[in-house]
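Here the protein sequences come in this chain order: V and S.
All residue numbers for the first sequence refer to this note's numbering, where the first residue is 46 and numbers rise by one.
All residue numbers for the second sequence refer to this note's numbering, where the first residue is -12 and numbers rise by one.
Because the hints were derived from the structure by calculation, they are not lab data.
Model, not experiment: these values are computed from the prediction.
For glycine and all other residues, C-beta sits at the position ideal for the given N, C-alpha and C.
A portion of the hints provided could be inaccurate.
Stated by the list, open to error - Here are the computed lysine-lysine pairs in the DSS-like style, where the Cα-Cα straight-line distance is at most 30 Å:
1. 201(V) with 63(V)
2. 4(S) with 125(S)
3. 288(S) with 256(S)
4. 95(V) with 266(S)
5. 4(S) with 95(V)
6. 266(S) with 96(S)
7. 8(S) with 63(V)
8. 96(S) with 133(S)
9. 84(V) with 95(V)
10. 84(V) with 4(S)
11. 196(V) with 133(S)
12. 63(V) with 4(S)
13. 180(S) with 92(S)
14. 180(S) with 133(S)
Unchecked claim - If you anchor each label on the Cβ, the simulated ranges turn out as follows:
15. 20(S) with 205(V): 45 to 55 Å
16. 20(S) with 63(V): 49 to 59 Å
17. 4(S) with 200(V): 48 to 58 Å
18. 20(S) with 166(V): 54 to 64 Å
19. 96(V) with 285(S): 54 to 64 Å
20. 20(S) with 173(V): 19 to 29 Å
21. 244(S) with 96(V): 50 to 60 Å
22. 128(S) with 189(V): 31 to 41 Å
23. 244(S) with 95(V): 53 to 63 Å
24. 173(V) with 196(S): 51 to 61 Å
25. 20(S) with 62(V): 29 to 39 Å
26. 173(V) with 117(S): 50 to 60 Å
27. 162(V) with 95(S): 52 to 62 Å
What the hints assert, rightly or not - Counterexamples of contact, computed for chain V against chain S with all Cβ distances above 10 Å:
28. 103
29. 109
30. 149
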Amino acid sequence: MEEKEWLELAGQKNQLAKVMESNRYGERFGLSLTEEEAKMLMQERERCLKEQHRVEFGESILPGLIQAFCDSDYIRGEDYAEALGRLQEIFYLFKNESMDLLTDDELLTFMREQYDETCFGDLDYLEGTCLPLFTEAIRAGYCGYQQSGAKGEFGKFDIVQRWDKGLYLEALANLTD
Amino acid sequence: MKPVSYEIEELLPLVAKLAFKYTSGESSSVSYETANMLMEAVCYCIGENEWEDGRDALEGSGAIKLGRAAISSGAIKVSGSGSAWILRKSRNMTAAESYRQGYEKVLEKTRRTQERYNEMIADFRAYGNENYRDTVLKALPEFFMKYDPRFAPQETIIGLDYPTLLTVSEETGIDGVERYVSYISLEQRFFRKLPEGMAEELLTRFHEEYREQFFNLGSIPLRHMLAAALLGRQPGREFSDREYAALREFCAGRDRENLTEILNRLTEKLVESGWGQDKELLGYLQGDTENFAAGLAEGAKRNVLRNVVV
């Protein structure tokens, strides 16, 4: 058996049931996947894993993604499956970019926090700015995220000053004048 | 009995369990590189259990051990990466059980090798040779410190830079290092019985700067003693011109095979007289006879025996 064959065989387990089970997290927020959508996501998963040269021996990360993002204000019912597909893709990419130094939980925590607080639901921004900056720091040796669980980390690497108190107070003062 | 391999379906769950431990359960996926490393780890341990001796032969096919070791023709299937799936010796054992036993054997072998190493360095002598000293006193301890019997038992980690008379090129991980340590121990056993000062004198005679060179030190006194035996005299003093001429005449009419045979017999007598019935040491020292025979044949032809033996 060729090397690639056994690696692909390793990932080919029926994850569909587990993904459908995860609907219980999203249903509270009006989010749900049809079986068709879940199958599509499973196919996407295989494609992403192959592309990123990764193997999942056990449960896929999709249930974890659903649990982490289902209560975000920026995830809507009509593009729920598409968003999950993108998040899945981003997740595997940045597991590699972090050289596997980030645990699943740390990466999910960072992704969710930045998705809401910095990206305001913009997945391109998450993929193109927040995550690259963070993982670049990790590759350079930064490990502060281990204590914080990757919470509140982005501020240390952000190159944009997002909110300035002085400026805010000045603007407020101008409004009341 | 036709050789049978473990099926991939038997090996995958073992790799999955190992991946879970490797990531401490904190990652649902691993890279291809990691997955391959762990598969090799599983295969290595199973191989350790199935094949006691890395050079064990399966019905004459010369089946060998796994991981990145050399492959004997037809005995083991090879994947694209050069890893090998393991031949199953016992049909009654599951892959899981074979792996478990093999892992225990890897641990035991590591412990035993470290013990032998510790005994050996108690009176280790490198005779000032930097490569010998650095390999044995710096590189080998690094191996024992960094060796990972669980997740990467197949890795040798260090370079075994000092050349021994027999090579460990086919074996990896603890198998390779165990063999290497045994060769160094045997060589030290050989050196210990030489008259005081003889080794240094011969080494200096062979190459004034032997301390910075990368050849096997043991071969120098060994070849000197064998050449002295060929000439029918005691070892120690330098060979005269007449003696070199006699040696040349002796070698001139003989091919390498014949010379090797003669040297093997002489080595046996040498070991018997100086080291007793030490079959291990004999096997090790005879590792040089073929090269020495080739050197003598060529040296005699070109009249440069002084470069071959001092």
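Hint check results:
1. 201(V) with 63(V): It is violated: about 37 Å lies between the C-alpha atoms, which goes past 30 Å.
2. 4(S) with 125(S): 34 Å, violated
3. 288(S) with 256(S): Given that 30 Å is the threshold and the Cα spacing comes to 27 Å, the pair holds.
4. 95(V) with 266(S): Not OK: residue 95(V) and residue 266(S) at ~54 Å, beyond 30 Å, violated.
5. 4(S) with 95(V): 21 Å, holds
6. 266(S) with 96(S): 22 Å, holds
7. 8(S) with 63(V): Within the cut-off at roughly 22 Å; holds.
8. 96(S) with 133(S): 15 Å, holds
9. 84(V) with 95(V): 17 Å, holds
10. 84(V) with 4(S): 26 Å, holds
11. 196(V) with 133(S): 33 Å, violated
12. 63(V) with 4(S): 20 Å, holds
13. 180(S) with 92(S): 34 Å, violated
14. 180(S) with 133(S): Violated, at about 34 Å.
15. 20(S) with 205(V): 45 to 55 Å: With Cβ atoms ~35 Å apart, the hint is violated.
16. 20(S) with 63(V): 49 to 59 Å: 26 Å, violated
17. 4(S) with 200(V): 48 to 58 Å: About 39 Å separates the Cβ atoms of residue 4(S) and residue 200(V), which means 48 to 58 Å is violated.
18. 20(S) with 166(V): 54 to 64 Å: Because 34 Å falls outside the window, the suggested range is violated.
19. 96(V) with 285(S): 54 to 64 Å: Since the Cβ atoms of residue 96(V) and residue 285(S) sit about 57 Å apart, the hinted range of 54 to 64 Å holds.
20. 20(S) with 173(V): 19 to 29 Å: 26 Å, holds
21. 244(S) with 96(V): 50 to 60 Å: 57 Å, holds
22. 128(S) with 189(V): 31 to 41 Å: 34 Å, holds
23. 244(S) with 95(V): 53 to 63 Å: Given a distance of about 55 Å, which is inside 53 to 63 Å, the answer is holds.
24. 173(V) with 196(S): 51 to 61 Å: 59 Å, holds
25. 20(S) with 62(V): 29 to 39 Å: 30 Å, holds
26. 173(V) with 117(S): 50 to 60 Å: Cβ of residue 173(V) to Cβ of residue 117(S): about 53 Å, so the range 50 to 60 Å holds.
27. 162(V) with 95(S): 52 to 62 Å: At roughly 54 Å between Cβ atoms, residue 95(S) and residue 162(V) fall inside 52 to 62 Å, so the hint holds.
28. 103: Violated: least Cβ distance 6 Å, not greater than 10 Å.
29. 109: 7 Å, violated
30. 149: Residue 149(V) is in fact no farther than 10 Å from some Cβ atom of chain S, at 5 Å.
In terms of the numbered hints stated before, the structure departs from hints 1, 2, 4, 11, 13, 14, 15, 16, 17, 18, 28, 29 and 30, listed from lowest to highest.
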